[in-house]
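When you get a sec, could you build the whole thing from the sequences and use the hints?
Protein sequence lines correspond, in order, to chains A and B. Letter 447 of the first sequence, counting from 1, is numbered 447 in our numbering, and no numbers are missing. Letter 394 of the second sequence, counting from 1, is numbered 394 in our numbering, and no numbers are missing.
Keep in mind the hints are simulated off the structure, nothing from the lab. Wrong hints could be hidden among the right ones.
[Said to hold, decoys possible] Label-pair distances were calculated between CB atoms; the ranges are:
id	chain 1	residue 1	chain 2	residue 2	range
1	A	L97	B	M192	26 to 36 angstroms
2	A	A422	B	E179	12 to 22 angstroms
3	A	A468	B	G451	48 to 58 angstroms
[What the hints assert, rightly or not] Taking lysine-lysine pairs in the DSSO-like style, the calculated list, with each CA pair at most 27 angstroms apart, reads:
id	chain 1	residue 1	chain 2	residue 2
4	A	K413	B	K314
5	A	K435	B	K339
6	A	K435	B	K360
7	A	K264	A	K384
[Unchecked claim] Here chain B is said to cover these stretches of chain A; the calculated rule only asks that three of the stretch's residues, wherever they fall, bring their Cβ under 8 angstroms from a Cβ of chain B:
id	segment
8	33-44
9	83-95
10	172-183
11	222-232
12	421-430
Just so it is clear, CB atoms sit at the ideal spot from N, CA and C, and this is done for glycine as well.
Read off the chains here:
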Amino acid sequence: MSMTVEERNRAVGMWGLAVCLLAVAMGWMLMRFGVSWSVADLPESDNIVRIIPAYIIAEIAMIPLGAKLADLWGVKRVLLIGPIIFILGSILAIISLNVEMLIVFRFIEGLGGGLVLGMVFTAVGKYYEPDQRNKCHELMTASFAFGSLFASATGYFLTDLINWRAGFILLAVMMLAGVIVAWKLLPNQEVEKAPMDKTNLLLVTILFGVAAFYTQSVDVDFALLSVPSAIIVAVIIAILAIVFWHSRRSSNPTIPLGISSFEKKLIILMFLFSMCGLGLIQYFFKLYLTYYNFDIYMASWNFMYLILGAALPSLIGCKKVMKTGVRPWVTVGAIFVTISLILTHFIASEGEVYFAISLFVFGFGLGMIVTEIIISLQGITAKKDMGQHTGNLMAVRMIGILVGNAVVGSYIKDVIQSNYVAEIINFSTTDNLLKEIVRHMGGNVQYSANALNDGFMATVLVMAVVTAILAIVAYTLKKYDLENKSEE
Amino acid sequence: MDYKKTVLAFAVVAVMLISGLPMAASETDADVSSEEYGTTFGIDLDRIDAVLKEITGETLKEIVEDLAKLADLDLTFSPMIDSKFALTRDVYTEENYVEIVDRLGGYIVIDVDSKASGLFPKAGTYEVAEGESSDDFLKRVFVDNRTEQHTVSITATIGITIEADVITRINLDTGEMEEAYIAIFPLVSIDMSSDINFTDKEDDEGNIESLAIDYNGSEFKSNVYGNFQIHFDIEDMKVLGDGEWTVKPTITQSVTRSVVSTDLVNEIWPFIKDMIGSEGKISGAIPELIRSILTSTDRKLDVFKTIESLTNSKVHDMIFTGDITVSNDEDGNILMKIKRNSTTVDISYPTGEYSLEAGKIIDLIPDDILSEDAKIIAKIALGILGWDSLDVVDITDDEEKKDECHEIQDMVREINKESESYETTIPIVYIVITIVVILAACGVTVLMWRGKI
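As structure tokens, this is what we get:
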């Protein structure tokens with residue numbers, strides 16, 4: 001089937017957006033592996049742990065804003081703002097003289113990244129009709145997946161080969177190239193004039209920012225079950241209440257109100273699948289590193305099994321979802337995710353082949369869920385409100401991933417690691433004291449690997465139960481997406 | 001009149017209050033008492049020459065030049081050695097605790113400038129022959145192949161600084177030692193340049209396979225630096241009181257800081273690898289990876305923080321225990337007998353003035369760290385230097401000695417601080433890239449805004 005010039009331009013323009021998205025996704029994980037090693041040429045600072053969260057918090061806070069601005073101003077005007085902020089943040093990061101400067105520039109980079117992320121997925125809904133969105137969404141999902149999954153290895157490679165600064169140059173150049181292509185080839189769109197409720201936009205931005213801050217601070221600045229933790233949760237609930245209260249009075253709210261139970265279920269499913277699925281991916285990575293082979297490239301290579309597993313069901317699912325409805329895909333996908341988590345629990349630590357099989361099945365399940373939900377939700381959303389609905393779904397998705405990370409991390413840290421019983425070295429009876437100390441340190445690292453394994457394996461069983469319940473919830477979904485109906 | 005009396009009364013009360021404040025303050029401080037003990041020691045070339053002259057009849061310069069003559073080399077040798085150390089002890093008694101702060105700080109600088117003329121090995125690469133021992137190989141290269149006339153200059157500066165702090169805290173109510181803290185900052189910097197260059201090739205077991213020699217000049221720089229701070233929480237370690245106790249303390253060690261330089265990692269790695277051995281429990285390739293990261297660039301890294309950053313796991317504390325018998329002598333010294341397999345190690349831990357028997361300290365070093373032969377050599381060296389016995393005397397009222405001690409220690413601390421400080425310099429290429437990308441990004445945005453793209 002041949003494409004018209006306009007269609008081809010639009011498609012290539014979408015590739016430009018995909019490159020922008022790749023840069024944004026890479027920003028998440030670029031320095032995650034050994035951050036204190038990466039920036040060892042900067043003066044020592046206790047704030048080093050904030051380098052990664054600075055980007056994540058800013059990015060998630062800005063997702064709804066980027067999407068909403070795409071509604072209000074059009075996709076191309078957001079292209080004028082988001083990418084330049086991202087590029088400035090990235091490029092200024094490389095001239096950081098200390099960790100604190102780097103944190104600030106990473107935050108700025110995240111602000112731009114969030115605007116781009118919210119806008120890109122909205123752009124697919126705005127430029128394509130529901131039955132044409134599948135390929136474009138697959139492209140964006142693949143771009144985001146590749147960026148997130150391989151950024152750690154890329155960052156490590158560049159740091160080892162040149163300097164950590166090289167990674168930021170790569171991000172800036174990718175974003176610049178992507179935005180030029182997208183700007184040049186994407187068509188202009190008519191935008192319906194609508195008032196901008198700045199207060200509402202600010203409130204929603206703060207809401208997601210604080211929520212992201214919480215996920216990044218728990219277990220770092222305070223324990224999950226602690227007074228500061230409870231206070232921040234209370235603050236989030238209070239802001240949420242204010243957002244709802246304010247949105248009801250707003251002529252053009254940033255978060256959609258009065259949505260159907262179908263859409264609510266989609267948002268909840270997206271959150272929980274992100275938490276139980278995407279949120280675990282990082283721990284697969286760590287598990288491989290500490291349990292099998294401490295080789296960043298091999299650990300990253302394993303993600304290919306995940307991507308291969310996800311590719312086929314995603315290709316078919318995205319193509320068929322507007323004909324079959326989202327229900328069968330999410331239901332079957334949830335069953336596969338459940339199976340994969342059970343497989344992970346029982347066989348993933350038996351050998352690298354079993355580990356790869358677990359990842360493949362995990363990807364196979366996720367391939368039927370995430371993109372299908374986005375397509376389904378956009379299928380029942382009017383183009384003029386595309387950003388409002390998509391932005392919130394994407395922000396919820398990202399928060400879900402972070403919550404998954406935090407829950408698993410917190411469990412492993414608090415429950416398993418705190419059970420560590422140190423072996424006591426008796427200097428009166430030990431023959432070779434130094435050898436005993438070194439052996440003990442080795443055992444210490446081994447314990448951490450085992451603790452990660454045990455903690456992860458216990459968590460995946462809990463997650464398997466949750467995804468099994470989600471399969472039932474998904475089965476109760478009605479066929480509103482087939483009827484393009486957003487209101488019951 | 002009444003008014004004046006009132007003012008006067010207030011003035012008197014005010015003066016009393018003001019004059020009473022320092023008295024009250026000094027009463028508060030009365031619970032805290034501090035004593036200071038210390039000594040300085042050092043060595044210079046004159047001292048070494050004097051000792052050597054007494055033993056051999058020659059100075060160091062003469063000995064080296066005579067040795068060179070035996071090898072048919074015409075050598076001019078100009079050494080310079082300077083060294084100063086200060087050992088202090090501060091004892092603070094506050095309420096129910098006594099805190100003893102021992103501090104050693106000092107440096108040794110060795111500067112050598114020499115020039116040798118004569119026959120040297122012919123430039124080229126020498127391979128170890130089949131079945132040839134290392135001794136035979138070296139003899140073949142350096143004795144049999146001395147056929148080329150050269151004048152070779154060697155200049156070397158070796159700087160060693162050491163700073164060590166030991167703080168112990170004893171509860172006077174229970175007589176128990178509750179805390180100890182050890183901080184060690186060694187720094188060894190070597191800067192050497194020579195007209196002769198040796199490049200050896202070794203097999204996996206460290207045996208020489210070949211040696212290449214050329215006369216194009218060589219430079220060698222090494223910076224071995226460490227900053228190790230370890231805190232110990234101690235339980236059940238009674239050290240004060242009347243009588244004798246057999247204790248089995250629990251000593252929980254936590255590493256506060258473990259910054260190392262790349263050169264230090266390279267230096268100690270074979271030792272660690274040997275220690276891990278085949279019985280090592282460390283998972284997969286973690287040690288090698290950590291080493292490759294620590295040595296990947298010329299940067300100073302905290303080992304523990306790096307491990308934690310890579311594995312996302314806390315490196316747990318280590319717990320020690322052992323059988324110790326403790327008693328106090330009539331001078332208030334704490335006498336400890338530490339059982340170590342079939343032998344018992346005696347340690348006298350004074351709480352005030354003391355005489356440091358350096359030779360005895362060397363005896364306490366386990367043989368797996370320092371061999372018997374090495375200990376004998378070390379003790380002889382200490383004896384020659386006059387460092388085998390150091391009297392750390394009361395200097396509480398000796399301001400001059402205090403200043404002398406503190407000056408040396410402060411200087412060493414300053415050098416160590418400089419060694420760890422980072423001079424973050426951004427390569428010019430990154431600044432150029434930054435400017436180019438910012439201009440490009442802003443330019444593109446403006447062009448897009450104006451519809452030119």
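Hints and how they fare:
no.: 1; hint: L97/A <-> M192/B: 26 to 36 angstroms; verdict: 33 angstroms, holds
no.: 2; hint: A422/A <-> E179/B: 12 to 22 angstroms; verdict: 18 angstroms, holds
no.: 3; hint: A468/A <-> G451/B: 48 to 58 angstroms; verdict: 54 angstroms, holds
no.: 4; hint: K413/A <-> K314/B; verdict: 9 angstroms, holds
no.: 5; hint: K435/A <-> K339/B; verdict: 18 angstroms, holds
no.: 6; hint: K435/A <-> K360/B; verdict: 24 angstroms, holds
no.: 7; hint: K264/A <-> K384/A; verdict: 19 angstroms, holds
no.: 8; hint: 33-44; verdict: holds (count 10)
no.: 9; hint: 83-95; verdict: holds (count 8)
no.: 10; hint: 172-183; verdict: holds (count 6)
no.: 11; hint: 222-232; verdict: violated (count 0)
no.: 12; hint: 421-430; verdict: holds (count 8)
In this structure, only the earlier hint numbered 11 is contradicted, and the remaining ones agree with it.
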